[in-house]
Each structure stands twice: as structure tokens, then as C-alpha cells.
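**Student:** Join the two chains, each given in its own frame, into one complex according to the hints.
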Amino acid sequence: MLAKLGLDGHDRGLKVVARILRDAGMEVIYLGLRQTAETIIEAVEQEDADVVGISMHNAGHLTLAPLIVQALEDRGLGRVPVVIGGIIPDEDRDALDQVGISAVLGPGASATEVVEIIRGAVVIDESGY
Amino acid sequence: MEDGGVTLSGIPVDPVYGGSPLPGEFPYTRGIHSRMYRDRHWTMRMFAGFGTAGDTNARFKELLRAGGTGLSTAFDMPTLMGRDSDHPLSLGEVGRAGVAIDTVEDMADLFADINLADVTTSMTINGPAAIILAMYVVVAEETGVDRGSLAGTLQNDILKEYQAQKEYLFPPRPSVRLVTDTIRFTTSEMPRWNPISVSGYHIREAGSTAAQELAFTLANGFAYVEAATAAGLSVDAFAPRLSFFFNSHSDFFEEIGKFRAARRIWARWMRDEYGACEERSLRMRFHTQTAGVSLTAQQPEVNIARVALQALAGVLGGTQSLHTDAYDEALALPSEDAARIALRTQQVIAHETGVTEVADPLGGSAYVEWITDELERRAEAIFARLIEVGEGSILEGVLAGIENGWFMGEIADSAYRFERAVNAGERIVVGVNAFTEGDDKRQGELLRISQDTEDLQCKRLDEVRLSRSDAEVQSALKRVAADAVRPEINLMPALLGAVKVRASVGEIVDVLESVFGTYLEPTVV
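Order-wise, the sequence lines are chains R and W. Under the working numbering, the first residue of the first sequence is numbered 1, with each subsequent residue one higher. Under the working numbering, the first residue of the second sequence is numbered 1, with each subsequent residue one higher.
In case anyone wonders, no lab produced these hints; they're calculated from the structure. From a predicted model like this one, the values you see are computed outputs, not experimental measurements. Note that the Cβ used here is the ideal one computed from N, Cα and C, for glycine as well. Among the clues, some could well be false.
As the list claims (entries may be wrong) - Now the in silico label distances, taken between C-beta atoms and shown as ranges:
{"hint": "1", "chain 1": "R", "residue 1": "S110", "chain 2": "W", "residue 2": "R442", "range": "44 to 54 Å"}
{"hint": "2", "chain 1": "W", "residue 1": "G4", "chain 2": "R", "residue 2": "S110", "range": "29 to 39 Å"}
{"hint": "3", "chain 1": "R", "residue 1": "E91", "chain 2": "W", "residue 2": "E25", "range": "47 to 57 Å"}
{"hint": "4", "chain 1": "R", "residue 1": "E91", "chain 2": "W", "residue 2": "A482", "range": "33 to 43 Å"}
{"hint": "5", "chain 1": "R", "residue 1": "E42", "chain 2": "W", "residue 2": "R344", "range": "42 to 52 Å"}
{"hint": "6", "chain 1": "R", "residue 1": "E91", "chain 2": "W", "residue 2": "S234", "range": "35 to 45 Å"}
Okay, chain W solo, but in the shape it has when bound (with noise of 0.2 Å):
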């Protein structure tokens, strides 16, 4: 991309226009970097998975031949709550919601003939992460991959599952204890990786507002913040490394100061709360996905329009990188055709609308720093709450608000609000409650995940389990119990060494399980 940009029509336009903070500069309202797109697009990072490990590496290699420019993986439920595919719970659910991984052989297949030193892979897993992190360092290593080469993010924000998504396998402090040796780990060993994506995703999906998906996510930023520094780490050494990742809802400018909120509460707070110095450590770093739960069943290609324009958001905000929903979203995994639209969309932004220009376009726009600032008033409220209840740490509060359903609470009212005001006809969701005619048509070729695919999977797992050493994998397992239960030990060595002589998922999961004991939600409804 030269320098120089100009509008379609030839016009010479600057990189960025208006007074400070300019993008670039403390507190980063307006962009983490002085040029943002004009320098750099951001990444073109579509989640994908379903089936099993070859499924699902047939879908990345057709996604960036179509010009995806990372890689995104979506597991499956099984694997997502630590179990294996042949367990009994996992009936039904193998690689319907993702890619079925139960070993490391698994992980060895889903990146066949993709040099993990040459692309950057984004691992949407949370209570299993650990594990799933060094299954990919394994496989890295067989590969003849460098561990301190890799590049990429693990999602690993557990206690946003407490809150929202319900992906948590073990009790809360064990499994921030996980997060923290992943911190630790890839701190000292992997200082290309992101170990931990602070999602606001799937909060708000499960019905937030956007001052409450901006003010959960941060709080849980800070709560990991100070897990990570009473785990004996210096801020300044993981911190430029925590990223976020953000739904990018339907009210655009709401959206849009949402994300220039975050990036200023970010800053300030890492360098007047946490004592950060590095400039690293003060700008946010953040990928976006479109909001899932705002596309319909009802005239589905309608939903090729919402995500072109929460997409934009996501870019006028200033994003890192980017997915962009199929518009099948309602109705099943995305189908080739539909990810490849999505694509797209992203791909007529980058390149036809020339927003990448000109860095935050919408800086000094009234209503755009008016509503920037009022979220950031907002979030801050919620924070003095937490640090309230939890007398003097965020991370305490956080922890407080999940034992005793807060979260939950509030997430569930603002559910009910949107549904009472779309049930009233106050919020109109077209094709839903209005502008119905179009429902009727037929629904369009679907993704299908076959059973077939469990028995496949299942069989696999088989065949793994016939040709490892059954002395190895008990002695393995044997050392990460005994790691698990001293909590000043990093777990991370153990997991390496579990998953390298082909423990399962569900093998490692249970001897976890077996030190720090399951978890039962409080009934919030």
C-alpha cells in the first residue's frame, strides 16, 4: 500500500485529521497506532472448524487461499468442556459446533501442510486452553517449528465463561491458577503468543448492553492483572501481550465509542492503577467479531447487510483484527459459500471504501466523543462497584460477582429488556417483527455434520490410544496431578509432556478434575 492516500475520486487525503490525542499517542482513544490502516489492514481472521481435525484444515486452506489472513479455530463442544469424543456426554455433539481435537495427533492433522512458523492461529478454548496450547506447541515442535516462532492467541479467559458462554470445568480460583501458568509461560517461552484473549464476545451475546460488555471485559482484564502480578510477574512483562476481543452490535456509533472507550479506560488504568511503563503495556490490542445473536433465520441473506455495517463499525473503531459472520449464522455452521461472503465483505472494506485512509475518521465528531465518554462513565461505575465488593481488588469483586450470580443477573435483565421491547414492537428486527414478507422462502443449502463424523472421530481416538505407551501416558498423567495440587508449580511443563505421549483431552481433564473438583453454577435466571 503506497503512501499518499487518495479518496476514489484522486483527492490527496492525510493520514488522520483533527487535535489530540491523536491515534498513536496516550490514552489511545483514537488508535493504537499514528497511521492504523493506512500502514497495515487488519488481520482477516474468519473462525472456522466443524467435523473432524481434516474438515476443518480443508476449510483454513480454502480460507486463506481466498485471502483470509489468519487462521481462527472453533472447537467443538466435547473438546471445549475437556471431554473426549467417545465419552458419553459427548453423544450427538462431536464436531458439530467445531473441530473435534482429542490428542495431539488430532492438532497434527488440523495444521497438515500449514507451516505454523509462517501464520498466525487465533484457539477459541477456554477451560481446556492449557492443554490445547501445548497440544499446538507439540505439534510445533514435531514439525520443527521453534516454540518461541509461534505467533497466534489462545482465548483462555475463563472468567467470562463464569459470566457468560459456561465453558468453565473446574472452580474458579484452579482455573485462574491455569490461566496465570499460561501467562507465565508463554511470558518466558513464547513471546509472540497472545495466552489470553479478555473477550466482551460473548457477554454481550448473551444479552449485555454495551456499557456492560465494555465494563465486564476490562474488569476482567483488571482481575487478571492482578492475578498475573501476585503470581509473581512484573506488569510491564505480560502485559503487552493480553489482547481483547470484542461483538461488534448493531448501533454503529454506539459501537464505535465503545471501542475508543475501551482503548482510553485501558490505558489509564494500566498506567495510574497497575503501574505500567511500556508504552506495549498501555494499548489495547483487539479483534472484533460481528454479533451472531443479531442475525435472523427469517430472510437470511438480510443478514449479509448487518454484517457489512457492524463490520465497519468494527473497522471505524479501529480493530485488529476482524471476523465477519455467515449469514447462515441462525441456522447452522457457516457453509463454504457463506464464509466466503463474509470474507468478502471484509474484503470490500479494505479495499473499496477507503475508511483505511484516514486513521479514526471519527474523531471529533460530536455525538461520536459525547457517546465515548458517556460509556466510559458508565464503565467506570461498574468498576467502583467491583473494587467496592471486592475492598480493593477488582480481581476479588469480579470473583464475588460470579459466586454470587451478579453477572449473571444483570445480563440476564438486559436479555429480558431487549426481548420485552422487541415483543412490544419498540425495537424493530426486520423479517422478525417487521417486514416480514420474504420469510416463507425455502432455507438454502445448510452445513451438515453427519454421525458418521463421531464414529470417525471416535475410531481415531482408538487407534491413538492402541499405538501410544500406556506406562508413559499414566506417568505423565501421574506428574500432572501431582503439579496440579502444589498451586506454585506451573502446570504447563506437565501438560507438555501429557499431551507429547498422546494423552487425551478427557484423560488430562479428569486428572485436573480430580485435584480441583467441578463447578455448579448458582440458578440465575
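Chain R on its own, in the form it takes in the complex (with noise of 0.2 Å):
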């Protein structure tokens, strides 16, 4: 499931990793711009995604990130990864994982990264690490 939370329309990025997991035979659920952790949860409880996927380019991640991984806790979906993509300088990469991102693709990741990372994802999940 991937989403743009908040105000930032740049979404060539998660257009572009659409098209790449379709291509690597993922069922990608494109909720496009301008969600909220409320549109986001509600959509993973009624789609039942495996992963998602947010971009994020407004520097804002530090701030939001923790919010998304709290609020799928919350209804009882602390089971889903979130990965966050986008502009996310290197050293926030820490936090971003103490809170409980499960990966950062950054600026100038491959389509094989991407792949890699999403599928690495989920199968960090069920194996319930």
C-alpha cells in the first residue's frame, strides 16, 4: 500500500515504485496523496496490505513517521511494516528505525533495492522479528 501523508504533492517517486513492484509481481494498492494515519489504517485494515510504503518529501518523517507506527499499533496492526521513502538525510536513519520503521529507501535506490527492501519487509514480519 503505498500513500503520501500530509500536504506534499511530489509523487513521481511513488508512481515510479508502483510501476516497479507491479513489475515485480506485487498487488500494489496506490492511495496516492494527501492521506492521514486515519486513511492509511483504514485502508491496510479493509485492503489487509502486507506492507506499506510512504513517501515523504517536506523533512517533516521525524515528526509524522512515529504517528503512522503508533496508530496501526493501535488497531491492532503493529504487525504491519512501514517503509518510508523519499528525501531522509542519513542520519535520521536511526531514529527512524528506534521508532519502528522497518526500512528507509532514500534518494538514488535502484528498482532492485526497492524490491528488495519491500520484499525484506515482510518477510522480516511473519518471521516475527
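**Tutor:** Pasting the structure below:
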């Protein structure tokens, strides 16, 4: 499930990721722009999504990422991994890891990395780690 | 700058070489002035904005001290999207992508100690553009500057928002009405102001090709011409103040051809299709920004080279004003040092390379002339398609292409093709899929906006709300609603009235939304 959280409309990367994942044989639910924690959680529940990918280019990730993770947990969906993509400085990766973000796809990530990271996030979840 | 240009070695050079059309001659392929930069350099207009108005005011002053010759304002996402800093959707976003502006008090702080009669200011805002322009005017008047002497540009190009940048608020038609209201207003009251900057930059950043950037931008320009004439303006009254904004991307000669083709197409169409007679209506003026999307997080100092080459393409393409990106673009907003290097890059081009001595120095190059022609051909094919879809009207064709997602699909297809080429190694991006030694070097000091900014800004907004007259605000907002309901009324006076009594961006947008509605774009991946 792919979404952009908040007001930012830069969706070029998210659309490219959607096609990459479809090409790799995954079922992609593209929620698109202007999603909130609520709309994302609703959709995750309804669609029984295995992984959520959120695109962020607006430097709000340290504030907003923990909210998504918390919202999923509150709804009993804590098993669903969250991957963040976009403009994420290296120095923030640890902080995101600590609040429960499964992986980060930064600028320049290749298509191969995208597929591996998304697949890897789901596998980690199923094995219970 | 004295006449009689000479090379570094002292060889005298003429202001122009080669044949017609000469620079300054219809259709202006070679430039809109006969001597171009020999008489006056392009404006070094560095885009800036972050944190509170006070923070950005300081950065404005630094840039002016460092030699910047025009101001350009970046607003944060809440402001761009017409939300106040304390709106639930603004959480985590205040001051992060640009400066936070909630009321005219913030606008006053933004330009503190800057005489608005002495500078030209560009403001990059679209959905709430008319409101922001109203704030600028009120600040000017409250500091003793007459609105008629204000010079600058409002981006105010809503069509490309639906196609690319996605900072729209209301549905397309009422949004176009807001654009024509501002054009009508500035045409009669702010003759030195460009009410619109028809933009290709964002279309290109979203993934389009050069030909698509050219064609979609000019089509949007023609659409606005149709809308403004339908709103009762004569083309020569407003066309001289239409301005444009292009990307300067990595393929050097393709970009130069694109700029030249843009001028030629605009001049011909304005004269032959839209009946413009004034020379100033036919001369396309544009701002250029180097391609942010081409810059890498890997080995970021290499971006300095990319930006220099892209800036040079803009200059050789005849731009009127230029923003050069900072090398930390892929990681954060520009740090002070990175912004300074970007400005110095322009200064090196302007003062050391000699390219300013001769207008359109590449004119006559077999390749450059061919690629200019080819881009024009490709653009014309797209215009033809839009006219067909719009049954004779480019405005209708553009609106249809927005509503059925055609533009978004074309752009997404181009973006995907590019990614495939990079992934396959067919297209090399230095530091990303080749020449990666050096990638693991630690990222330098990045500009960080703390969450404190949001708290400060919300406090400021509360203070303004407490100090203003609720009755005046309510009355002013009622007038905005009443005028919005009637499309023949120009909304600018009501907006001026509302911002003057310290109504906020969010409050005004809420009222407009209640009349115009909101917009849900078709999902196109």
C-alpha cells in the first residue's frame, strides 16, 4: 500500500515505485496524495495490506513517522511493516529505526533495492522479528 | 558594463554574430533584446524560505548582501496548501519546506527593513496566490509604498498544479477565475507586476521530457490568454506581463533549443492566433531554475558541477532571471554555505566566462538550430492534439486533459521510462549507477528546522487572533464569500479587505472552499 502522508504533492517517486513493484509481481494499492494516518490505517485494514510504503519529501518524517507506527499498533495492525521513502538524511535513519520504521529508501535507491527492501520488510514481519 | 566587449585576451567582439532573425527581432528565437546581457545581466534571483518570517528575512538579507539582485520566496506546505500553522494537517510541516505565512503580520516580518519600492520580489505560490499577493500589497501600503510601484512576480499558475505539482485547492474552473481576477487586478493597478509565471519547471521535475515541458507550459500559457480575454481584457493589455518559468536540465543543447523554441512559438502564436500587436506582448520573458531532480544525495559536491552546467545552458538560452540550486538539494533545504556557492556559480558565469558579451552565441550552430526546430515540431503536435480535444479551444483541451488525467499519464510514463533507462545502466547518473567511489562520505551540515518553529508560529498566530477585531474579520470574510459566489466580480478587493483586518490564509481559504468546493484528482500511476 503506497501513500503520501500530509500536504506534500511530490509523487513522481511514489508512482515510479508503484510500477516497479507491479513489474516485480506484487499487488499494489495506490492511495496517492493527501492521506492521513486515519485514511491509511482504514485502507490497510480493509485491504489486508502486507506492507505500507510512505513517501515523504517535506522534512516532516521525524514527526510524522512515529504517528503512523503508533496508529497501526493502536488498531492492532502492529504486524504491518512501514517503509519510508523520499528525502531522508542518513543521520535520521537510526531515529526512524528506533520508532519502528522497518526500512528507509533514500534518494538514488535502485529498482532492485526497492523490491528487495519491500520484500524484506514483509519477510521480517512474518518471521516475527 | 562598458560597451566594446572584449575577450579575456583583449580581442574586441561584436554584440551579436550571424543572421536573422537577430536577437530582439520577431520571433525572438535568438533572444528578446538585441544586446542581451551586454547591456544587463539576468537577475540572480535565489529562491529562499524556511522557518518563520524572521528566519527567512535574515536569509533574504544575506543573499542581497552576497550579490543577489532579486528576491524569491519559498513558502511552507501549510501556506502553499492554504492551511494555518495550527491546522491538524500542518503538523510536522510548519516552516519545513519554506517560510510559514499565516497573516499579513508574518508578511510584514518577512520583508522587515526591505524597501518594497527598491526590490523585485517573486513569490512561488499557486492555490492561495491571490491571498498572498493581497498581503504583499497591504504590507507595501502600510510601509508607505504605493501598490503601483511594486515590481515582481506571482507564480499563480494553477493549471500546472493539476498536471504536476499538486498544490491545488479548489476545482479547476474557479481556480482559473482566481487567476484571471489577479491578472485583471494587476493589469489596472500594478503595472510593474507579473501576475503569473507560467511554469514548466514543475512539469519537468515531475518527469516530463523537454518537449512535453515546452508544450504543456506554452499550452497552459495559451489557455490563460484565452481565459483572460474571455474575462474581458484585451490581449495587449495583459500579455506584456505574462511571464514564464522553465527548468534547466542536464542535456545541455536540448535545453538551449527548448528555450529558443519557446520564444519563437510564443511570439508566432500570440501574433497569429491571439491577435497581439504590441511587441511587448510577443516577447517571452522567463525565469529559469536548474533541475533539482537531477541532483544526487551521493557525492553531493558533484552537484556543484551539474548546477554550473545547467545554469550555463540557461544563460546561453537567454533567460531573464536565474536560480541555481544548492548542492545539498537532494537532502534538505539549502544551508547558508551551499546557497552562497550556488549564487557564486552565477557570478562566475556572469563575470568570468565572457558568455555575456555576445547575444545568442550558439545561434547558427547546425545542431542548435536543428534541435530548436525539432522541439518546436514536437510541441506543435501536442498543441494540435489539445486543440482537437478542446474543439478549437486550448483552454478547454487543457482542462479536459487535466480532468481525464492525460497530462499526468504522459508525465508518469516519461518518468518511468527514465527510471528504466537508469536501472538498465543505459543512462548514467554519476555517483548513483556509476563512479560510486566517494558515496559513503559522511553528509555535511544540513539545514534542520526544529519542531520549535511550529510552536513559535502557532503562538504568533494566536497573538494576531487576539489582537484583531473579530467583528471586522467576520464581516470581511462574509464579503469574500459573497463575491466568490458571483464569478463576474473580481475577488481581489475582498481579499485585500480580509488580509488587512488580519484574517488568516486558512480562514480565507476555508471560505473560498465553502463556495468553490475541493478537488479530488483522478488516480493515475
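**Student:** Now look at each hint and say whether the structure bears it out.
**Tutor:** Here is how each hint holds up against the structure:
1. The given range of 44 to 54 Å is broken by S110/R and R442/W, whose C-beta atoms sit roughly 22 Å from each other.
2. Between G4/W and S110/R the beta carbon distance is about 54 Å. The supplied range of 29 to 39 Å is therefore violated.
3. Taken as a hint, the range 47 to 57 Å holds for the pair E91/R and E25/W, whose Cβ atoms sit roughly 54 Å apart.
4. Between E91/R and A482/W the beta carbons are some 52 Å apart, a value that contradicts the proposed interval 33 to 43 Å.
5. At roughly 50 Å, the beta carbons of E42/R and R344/W sit within the given window of 42 to 52 Å.
6. For E91/R and S234/W, the hinted distance range of 35 to 45 Å is not satisfied, since their beta carbons lie about 56 Å from each other.
Checked against the numbered hints above, the structure violates hints 1, 2, 4, 6; every other hint is satisfied.
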